[in-house]
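**Q** Sequence:
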Amino acid sequence: MMSFVLVAEANAQSIRIKDLVEFDGVRGNDLVGYGLVVGLNGTGDGLRNAPYTEEIMTNLLERLGVNVTGEQFRPRNVASVIVTATLPPFARSGGRIDVTVSAIGDADSLLGGTLVMTPLTAADGEIYAVAQGTIIAGGVAATGDAATVVEGVPTSGVVPAGARVEREVDFDFTAMSQLRLALRQPDFTTALRVEQAINAEIGRPVAQMLDAGTVLLDIARTGRSSPAHALSAIENVAITPEQKARVVVDQASGTIVMGSDVRISEVAVSQNNLTLRIEEAPIVVQPNPFADGETVVVPRTGVAIGEEPGPGLALVEGGTTLSDVIAGLNALGVSARDMIDILKSIKAAGALHAEFVVR
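Per my numbering, residue 6 is the first one in the sequence shown, and the count goes up by one each step.
No lab work stands behind these hints, which were simulated from the structure alone. Where a beta carbon is used, it is the ideal one built from N, C-alpha and C, also for glycine. Mixed in with the good hints, there may be bad ones.
What the hints assert, rightly or not - Between beta-carbon pairs, the in silico distance windows are: (1) Ser340 to Ala233: 50 to 58 Å; (2) Leu197 to Gln18: 40 to 48 Å; (3) Gly130 to Phe193: 22 to 30 Å; (4) Val43 to Gln256: 40 to 48 Å; (5) Phe193 to Asp24: 46 to 54 Å; (6) Phe193 to His234: 26 to 34 Å.
Claimed, not checked - Listed below are the simulated PhoX-like cross-link pairs for lysine-lysine, each with C-alpha atoms no more than 25 Å apart in a straight line: (7) Lys23 to Lys352; (8) Lys249 to Lys349; (9) Lys352 to Lys249.
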């Protein structure tokens, strides 16, 4: 498995305010529904193991005027699914949104299936959209008598523009006199820079930092005719955000991501390789000729621990920058996975001045 060491230059460029904050009231709403997929090529739910699929199919057919009470049917071309979507801000009735369809039974694949009309509800229990359409699955499965091959996830797919908005979120954006800007990564310095950049753009003090994650915008003092006009005037203003020094480690893949503000105090690092070798050399022992007895195998194990000579201690000077740290670790000939252990030890020694995140 390939390993990576990535250097994040967090402060190298300016970022637009719209990419750093969430505007109060400008947000999406999650929708969910329970539906039925039909038209599968024998890859649907086994109705004996998923009785809820039979129940929803029976209800659907009865609503369409087909009486199936007491009938025994076991089709393999239907599957029960959970349908999810996000209602974007300011979505209007008649608009269309994408939906994601995921099997909840023992269906093998949703490839080629069609989602039957499925109401999508929000947290308040109201129906805001209705989904229907052909599913585009992101994987494929092939099954034989003695083997099965699966690529991707065929039990999940999407229906592009598969839901029509039926209800609008009751929210009067034009009536707002003040608007809060919530930073996605709270930081006092970044919030102050957002405040200063907005005031400089408008030409008067209309923004005020409330805390590390919130900047309050006074819509009336901007001189714009509506909140929408005020946001359009400031959302493309660029600032240089500040971020905490952080080291992120993914032990599963051996990936290390470190910000450019990471600093290390003076510390000595040594890295050697231990080799544990176990050899089995069993001996076959046979009885003497014409003697009573049987042949037996006598186990014989050889164990040895060796330590390869390393480069010794490497001194990392105090106040070292990230590039110097990487160069020093590379000079020791360590891999990315070894760097993870070294960085953990440096953090434990109190010499790594950054937030250490292990995933």
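**Q** Work down the list of hints and note, for each, if the structure agrees.
**A** Status of the hints after comparison with the structure:
no., hint, result
1, Ser340 to Ala233: 50 to 58 Å, "holds (53 Å)"
2, Leu197 to Gln18: 40 to 48 Å, "violated (19 Å)"
3, Gly130 to Phe193: 22 to 30 Å, "violated (40 Å)"
4, Val43 to Gln256: 40 to 48 Å, "holds (44 Å)"
5, Phe193 to Asp24: 46 to 54 Å, "violated (19 Å)"
6, Phe193 to His234: 26 to 34 Å, "holds (29 Å)"
7, Lys23 to Lys352, "violated (35 Å)"
8, Lys249 to Lys349, "holds (18 Å)"
9, Lys352 to Lys249, "holds (16 Å)"
In summary, the numbered hints that this structure violates are 2, 3, 5, 7.
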